[in-house]
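All chains, full assembly: derive it from the sequences and hints.
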Amino acid sequence: MQLNTSASVISFTKQLEADSSSFYEKMAERYPQGAELFLAFAKENNKYSTIIQRAYYGVITDAIEGCFAFSVETDKYIFEKEPTRELSYTAALNQAIDMEKKLISFYTDAAEQSKAFMADVPRTFLIVAKKRNNREDKLRALLKEA
Amino acid sequence: MAVLEEPIKGIVEVKNYIDGEWVESEGEIQDVANPVNGKVVARVPISTKEEIDTAVEAAKAAFPDWRSTPPVARARSLFLLKELLEENFEELSRVQTVEHGKTIDESRGETRRGIENVEVACGIPTLMQGYNSEDIASGIDEYLIPTPLGVFGIIGPFNFPFMIPLWSAPYAVATGNCVIIKPSSEVPLSQMKIAELVDEAGFPPGVWNVVNGGRTVVNGMLDHPDIEGITFVGSTPTAKDVIYPRCGATGKRVIAQGGASNFMVIMPDCNLRATIPALMTSFFGNAGQRCLAGQNVIVVGDDDHFYKEFINGVVDTTKKIVIGNGLDEEVQMGPVRDIEKKKKILSYIDSGIKEGAKITLDGRSNFKIKGDYPDTCFLGPTIMENVKPEMKIVTEEIFGPTMGIIRVKTLDEAIKICDDNPFHNADAIFTSNGKTAREFKYRIRSGNVGINIGIVAPMAFFPFSGMRDSFFGILHTQGKEAIRFFTESKVVIERWP
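Protein chains in written order, with our numbering: chain Z, 1 to 146; chain W, 147 to 643.
The hints are all genuine.
Some chain W residues close to chain Z (C-beta under 8 Å, calculated; not the full set): (1) A148; (2) I250; (3) I601.
DSS-like mimics (lysine-lysine), calculated; alpha carbons at most 27 Å apart, straight line: (4) K76/Z to K465/W; (5) K516/W to K14/Z; (6) K14/Z to K43/Z.
Hints in this document: simulated from the structure, not taken from any laboratory. We put the CB at the ideal spot given by N, CA and C, even for glycine.
Written out as C-alpha cells, the structure reads:
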C-alpha cells in the first residue's frame, strides 16, 4: 500500500512502534537472558511514538504539503509482530536485527521524502533512526555473547 | 489506514452564546450537512436583529470590567483557552472535517494555525505596551497608551471555520475589547466548540459572544452604533461593496479581506521534485477553497522540453490524488463545501473551455471517489492549458480545484500578468536562482509573496496581508497589526508645575 498523507504516515509509525513493542515483549517472555534490554526497547518504542506525534501535531499547518509529503510503500517495512515460534535465541536476535533494519530504513526513507515539506517531522524520524542504529549495535553485542 | 471516528453523534442543535449563556434563537433554523455524504450534522439558527442587539448590549456591558482587568490576567485567560484547545485538538480538527469536508491533515493544520494566534495574543502584556518621551519641553513628558475601544464584530467565512475568526478574536479580547463572532452559517460547529472552551476557561460573561446567522446579523453589526469595528473575511464583492463602505459610513474601523486569483510563476530552473508537491497543495489543498490557493501557473521560458516535463509531472501527480472522505487518513482531497459551490466551479471550467482553454485533465467527471459516497459535492482536479490572462478563469476567483496554465517567454511578462490582475493576495515564484527570486519579490505587487512556497500563509506573528481587490482597509489581522487595529492611541502630555 502506498501512503502519501502525513496523517496516514504518522498512524503507520504508531502501528510500527506498537508492533515492535509487542515483538520485544514476546522476546522478553521467551528469552529471559535478554529480558531487561528487550523490555527497555519496548518502553522506548512508546517514547518514539510520542515524540513523532508531538512533532507532527506541532508543525502541521495548512501551509505545508501535509497531504503530499510522502510516498511510502508500506509493504517494504512490515515485520512479524512476534518472534517466530521455537526459534533459538540467536535466531530470534537475528530476527530482531532484521526488524530494526526495516525500521531504520523506513524512518530514513520517510525523512528523505518529506524533508522539504514537513519541518521537524523528518528531523524526528532521523533521531528515531539513529536511536535504532544504536539498538542494532546492542542486539549485535548480545548476539556475540550468546 | 483507518477512517477516523466521526466526532459528532446525532444532530447538534446549535445555539447562540451570549453573555456567557447558551441561548436559543427565535430565528429560522437551517440544516448543516456533511458534504461527504449529505448527512445532516447540525441545525443552525439564522438569528434575528434583536438577538444581535442583545449580544451587543451584553458585550458593551462587559467591556468596562474587562478593559480594566490587568493585561496579565487577560493573558492568563488566554493561556487557559490555549490549554483547552490543545487538549481538544483532535476533536476540534475532526469537527472541521465533518462540517467543511477538508482532509484531516488540513483540519489539523487549521487547528494548529488557529491556536498559534491564541499563543501570540498571550504575549499581550508586552505587545500592548506604549512608549514615552521624557522632557519633550522643559518639565513636560509625553507618552502613548494603547487603549481598547469596546465591542468588535468578527465575520467568518466557510472555508476555515476554526482558524479565521481566531485571526482576530484573541487579539481583540487580549487588548481588552469584547467580541461578537458570526461564523458562516454553513459551518457553525467549530466556533460553537471554541465558545464551549471559552466558557470553560472562565472568560467573564459578555466578553466572547457567538451569534449565528446570515445577512440580518451582518447588517445588525454594520449598523450598530456600539460596534467599534469589524473584521471580515469573505468574497471581494461583499468586502468591497458592503463591508468596507458600510463601515466607512458608520465610522467603524474595518479589516475586509476579499477573494483572490493567485499565480504560481514557474522558472525553468526550479527544482521540480519539490515544486510539484507544493503546487498540489497550493491548487488542490482544501479542494482549492482558500484565498491563498494557486489558481493559475505561469510557466516562463520557451524551453519546450522543460514545459513537457513540467506538465507531465504535474498531470501524473494530480491523477494520483486520492479523493474521498477527509476522515480517511489516506485521502488527499475532500469534496467542495456544497453543490452550489460545485456548480459555480463547473461553470468556470465551462467558461474556460469556451474562451479557448484546453482541458488536459478533466475533473468534472473523470475521477474516482475512495469509499462509497455520492458524488454530490465531489469534483476531481482539473488542469487547463492554453490559458490567457484575459479569460474569466484568470480575472475572477474560482475557489475550486482547478489549475490553469499560462505560458510566457520572460519573467517580465509573468510579472505583468500578475500585476494586471485585479486581485493581489498571494503570488509565488519557483526558482533556484536567488537573483530571479529577488527580482520577483521586489517587483510583485502582492500582499503575500512566496519563494518556492505554494501557500503563502503568514504565521500568527505576521500580518495576513493582501492588496487591491483582495483587501480593503489599512491594518491587517494577526500579530502586531491586529493589536494596533484593536486599540486606539491615547497620547498624554503631562506637566506638574
